[in-house]
Amino acid sequence: MNGIGLCAIFSRQGDWAFDYALVLARKHETRLNIFHFLESPYTLRRDVVFVDAGKTQTEVVTPELIAQKDKELRMGFDSRLGDYVNVGFRLCEGIDEIELKKCFKKGDYEVLVIGYQTRGAEFGGTTTIEEFAKKFHCPVILVGPEAPDMFYLNQAAANVLDELYLPAGKWRMIDGDA
Numbered sequence: 010m011n012g013i014g015l016c017a018i019f020s021r022q023g024d025w026a027f028d029y030a031l032v033l034a035r036k037h038e039t040r041l042n043i044f045h046f047l048e049s050p051y052t053l054r055r056d057v058v059f060v061d062a063g064k065t066q067t068e069v070v071t072p073e074l075i076a077q078k079d080k081e082l083r084m085g086f087d088s089r090l091g092d093y094v095n096v097g098f099r100l101c102e103g104i105d106e107i108e109l110k111k112c113f114k115k116g117d118y119e120v121l122v123i124g125y126q127t128r129g130a131e132f133g134g135t136t137t138i139e140e141f142a143k144k145f146h147c148p149v150i151l152v153g154p155e156a157p158d159m160f161y162l163n164q165a166a167a168n169v170l171d172e173l174y175l176p177a178g179k180w181r182m183i184d185g186d187a
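Under this note's numbering, the first residue of the sequence shown is numbered 10, with each subsequent residue one higher.
None of these hints come from the bench; they were simulated from the model. Even for Gly, the Cβ is constructed at its ideal location relative to N, Cα and C. A portion of the hints provided could be inaccurate.
[Said to hold, decoys possible] Computed cross-link-like contacts, DSS-like style, restricted to lysine-lysine with a CA-CA straight-line distance of at most 25 angstroms:
1) Lys144 with Lys110
2) Lys144 with Lys111
3) Lys111 with Lys143
4) Lys179 with Lys143
5) Lys36 with Lys179
6) Lys114 with Lys143
7) Lys111 with Lys80
8) Lys110 with Lys143
9) Lys80 with Lys115
10) Lys110 with Lys78
11) Lys115 with Lys78
12) Lys179 with Lys144
13) Lys36 with Lys115
14) Lys144 with Lys115
15) Lys36 with Lys114
16) Lys144 with Lys114
17) Lys64 with Lys80
18) Lys64 with Lys78
19) Lys115 with Lys143
20) Lys111 with Lys78
[To be verified] Label-pair ranges, simulated between beta-carbon atoms:
21) Val60 with Gln126: 17 to 27 angstroms
22) Gln126 with Val57: 20 to 30 angstroms
23) Glu81 with Met182: 30 to 40 angstroms
24) Met84 with Gly63: 16 to 26 angstroms
25) Pro157 with Glu48: 19 to 29 angstroms
26) Glu38 with Ala62: 32 to 42 angstroms
27) Gly129 with Glu48: 14 to 24 angstroms
28) Asp87 with Gly63: 22 to 32 angstroms
29) Asp79 with Ile107: 16 to 26 angstroms
30) Lys80 with Val57: 15 to 25 angstroms
31) Asp79 with Met182: 31 to 41 angstroms
With the hints as constraints, model all of the structure from the sequences given.
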């Protein structure tokens with residue numbers, strides 16, 4: 010594998026997804042690319058983003074804000090990465106699905122890991138996480154929502170199951186209801 014992608018979400022399920030993605034990157038001795046999307050109150054416009062965890066404060070996107078958020082992202086994972094240094098960070102301002110497709114086409118990752126917070130959760134403002142994962146062209150593994158050893162796979166991930174190091178009996182296919 011040339012890379013493992015992780016959509017960084019700051020939640021319990023996001024932590025589980027990080028742990029799994031890091032193990033997978035270590036086993037394959039490959040790069041872990043961590044993507045984080047700045048959230049906006051607007052579906053299509055991304056020039057204004059939330060700057061707090063409660064999603065109550067917004068700011069106009071500036072180079073200074075991008076630099077600050079990038080630093081926060083890196084610092085947030087620094088201690089958890091331990092001695093693993095083959096890591097890339099990307100703070101994304103665009104629409105989730107489009108940005109992830111671009112990075113996949115560029116070869117930044119071959120497998121995408123996402124924390125699965127809840128069934129039917131909105132993803133990228135235009136679809137649900139299940140629909141995104143089912144339609145996405147690369148292997149997608151959703152981790153959670155109830156336990157760190159619950160994994161939901163799209164068909165592309167099921168096709169490379171042997172390379173995913175998942176515990177037997179702990180994964181299922183993603184369906185509309187997952």
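Now the hints, each set against the structure:
1. Lys144 with Lys110: Roughly 11 angstroms between the alpha carbons, so the hint for Lys144 and Lys110 holds.
2. Lys144 with Lys111: Distance of about 15 angstroms is within 25 angstroms: holds.
3. Lys111 with Lys143: Holds, at about 17 angstroms.
4. Lys179 with Lys143: This hinted pair holds, its Cα atoms lying about 18 angstroms apart.
5. Lys36 with Lys179: Since the Cα atoms of Lys36 and Lys179 sit roughly 19 angstroms apart, the hinted pair holds (cutoff 25 angstroms).
6. Lys114 with Lys143: holds (17 angstroms)
7. Lys111 with Lys80: Given that 25 angstroms is the threshold and the Cα spacing comes to 23 angstroms, the pair holds.
8. Lys110 with Lys143: With a Cα-Cα distance of about 14 angstroms, the restraint between Lys110 and Lys143 holds, given a limit of 25 angstroms.
9. Lys80 with Lys115: With Cα atoms ~24 angstroms apart, Lys80 and Lys115 stay inside 25 angstroms; holds.
10. Lys110 with Lys78: Between Lys110 and Lys78 the Cα gap is close to 22 angstroms, so the pair holds against 25 angstroms.
11. Lys115 with Lys78: Cα-Cα ~24 angstroms, so holds.
12. Lys179 with Lys144: holds (22 angstroms)
13. Lys36 with Lys115: Cα-Cα ~22 angstroms, so holds.
14. Lys144 with Lys115: Satisfied, since the Cα-Cα distance of roughly 18 angstroms is no more than 25 angstroms.
15. Lys36 with Lys114: holds (23 angstroms)
16. Lys144 with Lys114: Between Lys144 and Lys114 the Cα gap is close to 15 angstroms, so the pair holds against 25 angstroms.
17. Lys64 with Lys80: holds (19 angstroms)
18. Lys64 with Lys78: Distance ~15 angstroms between Lys64 and Lys78 Cα, so the pair holds.
19. Lys115 with Lys143: Within the cut-off at roughly 21 angstroms; holds.
20. Lys111 with Lys78: holds (21 angstroms)
21. Val60 with Gln126: 17 to 27 angstroms: holds (21 angstroms)
22. Gln126 with Val57: 20 to 30 angstroms: holds (24 angstroms)
23. Glu81 with Met182: 30 to 40 angstroms: Once the Cβ atoms are compared, 35 angstroms apart, the range 30 to 40 angstroms for Met182 and Glu81 holds.
24. Met84 with Gly63: 16 to 26 angstroms: 20 angstroms Cβ-Cβ, so the 16 to 26 angstroms window holds.
25. Pro157 with Glu48: 19 to 29 angstroms: holds (24 angstroms)
26. Glu38 with Ala62: 32 to 42 angstroms: The hint (32 to 42 angstroms, Cβ to Cβ) holds, given that Glu38 and Ala62 are roughly 34 angstroms apart.
27. Gly129 with Glu48: 14 to 24 angstroms: Taking Cβ atoms as reference, Gly129 and Glu48 lie about 18 angstroms apart, which means the hint holds.
28. Asp87 with Gly63: 22 to 32 angstroms: Holds - the Cβ-Cβ distance for Asp87 and Gly63, about 24 angstroms, lies within 22 to 32 angstroms.
29. Asp79 with Ile107: 16 to 26 angstroms: Once the Cβ atoms are compared, 20 angstroms apart, the range 16 to 26 angstroms for Ile107 and Asp79 holds.
30. Lys80 with Val57: 15 to 25 angstroms: holds (20 angstroms)
31. Asp79 with Met182: 31 to 41 angstroms: holds (35 angstroms)
In this structure, none of the earlier numbered hints is contradicted; all agree with it.
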